[in-house]
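Engineer: Put together the whole structure using the sequences plus the hints.
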Amino acid sequence: MKRWISLVWLLLLFVVAACGGNGITAEGGSANGTPGATENLPENKKEGKATEDGSSSNLQTPGIKETSYPLKVTDATGFEMTFHRAPERIVSVSPSETEILFALGLGDRIYGVSDFDNYPPEAADKPKMGNVIAPNEEALIAARPDLVIGGISIENDVADRLRSLGIQLYKTEAATVDEVLGNILQIGLITDRQSEAEALVASMRADIRQVTDVVSALREADKRKVYLEFSPGWTVGKGEYLDELITLAGGINIAGNEAGWIQISEEKVILDDPDVILYADIHDDDSGQPLASLIRSRPGWSQIAAIRNNRMVAIDDDLLSRPGPRLTQGLLDIAAAIYPERIQR
Amino acid sequence: MNRKAVIWGSVGLGLLLAAIVASLSLGSSQLPVSESWRILAHQVPWLGNYIAAEGSEAAEQIVLQVRLPRVLLALLVGACLSLAGAGFQGVLRNPLADPYTLGVASGAAVGASLMILFGLHAFLFGQWSIPLVAFATGLASLAIVIRLANVNGRFHLETLILSGVVVSSFLGAIVSFMVAMSDKVINEIVFWLMGSLAYRGWPFVGALAPYLAFGAIVLIACGRTLNIFALGERQAAHLGIRVQRTRLLVLVISTLMTAASVSIVGTIGFVGLVVPHLVRLAVGPDYRLLLPLAALYGGIYVLAADTIARTALGSAEIPLGVVTACLGAPFFVYLLRKNKKTAGG
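These protein sequence lines are chains A and B, in that order. Numbering-wise (our numbering), the first sequence opens with residue 1 and increments by one. Numbering-wise (our numbering), the second sequence opens with residue 1001 and increments by one.
To be clear, the hints were calculated from the coordinates, so they are not data collected in a lab. We put the beta carbon where it would ideally sit given N, CA and C, even for glycine. Accuracy of the hints is not assured; some may be wrong.
One-sided excerpt, in silico: chain A residues whose CB lies under 8 Å from chain B [what the hints assert, rightly or not]:
no., residue
1, K65
2, S68
3, A124
4, N131
5, E138
6, V158
7, A159
Structural biologist: Given below as structure tokens:
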């Protein structure tokens, strides 16, 4: 039983790490037709355009977009739903989505969050709705939400059950940086906070540009090999935003050839000999040790360049694990950790 | 004997009523108790006409769609596991036998998790497919355990349990392997292995009820035969009982009830072990009495455990298997010690 419990904790961690975003690409982003595109997005655009061309008596400031309801959207489970007005009682059972809602200025419309939500600090004061995999049904209904946002860990059967209870569930699932940005825009659209969402995405894109401008000067030979451990024994390969962040920061992810979340092979890491080791600032559940000392004490790892040259850098776990508004802060931290001489924080 | 039956029967019904009242009144949403009961009373035909349904829609959803089906499911699961335990103990004449110690539950778990892993939730037989596969694998593992424990046609108490443990560990390893192989369904399999009544609702109540009804009728009809079994198989044969046939029937039915309950709510330990013993301590070894009372008290046990599981930590749920184990494990130790004392003279 104990093993199961620690396994479940690992999974929860993993799931919190993975929760967030949906398969929606940004309006202007490099769309690749992911499921969950907004159906009346063109309509909205058209309307925005109509406002610009149209009567001067319209009081709308140019650039401020309003969502027109009813709004039809499809979420990551392929479920189509209609919003007749901007949601006023929102529950988010995904830490990254909670961060997005707060970043869009919707804090006072949040009526419940998951047990893991701790950012911004106000989120911790919101009513708790249970875990991110199967939130407490009763608490959800009692919050009388008109929108529940769930992250990647909401499985289809849980989604079905919640919908059968009359809950308007919008499930997100963002794996790549573009999908994370698209997800922010989509939540902005649903909640009628499009301008805020666009401003947020613009500032995140500016962060990305700040990093890519610097590292684009790097010659291929100068690029450093990076190993990232976000949870004891776990790293990440291609197709996930963390791998993308390493690449954007000009690093070479030593696990970049594999896909998805990967349990590491200690031998392979020694063989790949990374120049930099990035790790989450967490403690191992089993031993209670900080992840850093766990990594250092692995047999044979003392010869790895990163450890020999003391190039191990801790990254805020929440920045690594949440594909939300602070994603690009994580990028800046990662870039500064890999190339401290070029990027300072 | 009859007086005992009346006393313990009425105590059981009283406890059952108290447990149902408590469970329907309690929950993370802090619904006023009076409101819960008004909603329930409104549903009763005839009586409902006299009671206004003034509860909010949310409160009605919570009481009628979340709490009520969950209470009934707890009763059904408890009755199934407890009857199965009593059946195994009776026919194997082994006080430590139960769906878990015999490896039946783990066997059923392997079958069900295979189906989940490969996404075959409704393969061939619709909602019956997972219970049927779980039944087949549960039966197979029971056959292996019995075969292993059979020394010259006799089962020794310890050998049977030992074989059960060996087979269970092996099957547990298979499930662990499946968890390691899958990535997205991990959560589903793990949560389900810890046992939970959350996210079930009415369809699952309807799915489990026929198994319990059928199993209970067959087992209680075998009550007299099980009494004779208690004398020993040879004596039973002398008294005209078809030993092999009855044994097979009881084993198969007990396995069926275990598999049905495991495939719906996951593995929940110790119910089948603890409850029949408690009932036996109270009313004596007469199976005609013991079986119905075991079903009754099994339901109460699981309902009480589930109420603790879903209310003790607010919106976070304790896995049900953890609660039943915490209550049941000390009792198992007590049984073991008591057995040792009598065996040791």
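Engineer: Find the hints from earlier in the document that the structure breaks and name them by number, from lowest to highest.
Structural biologist: 1, 2, 3 and 7
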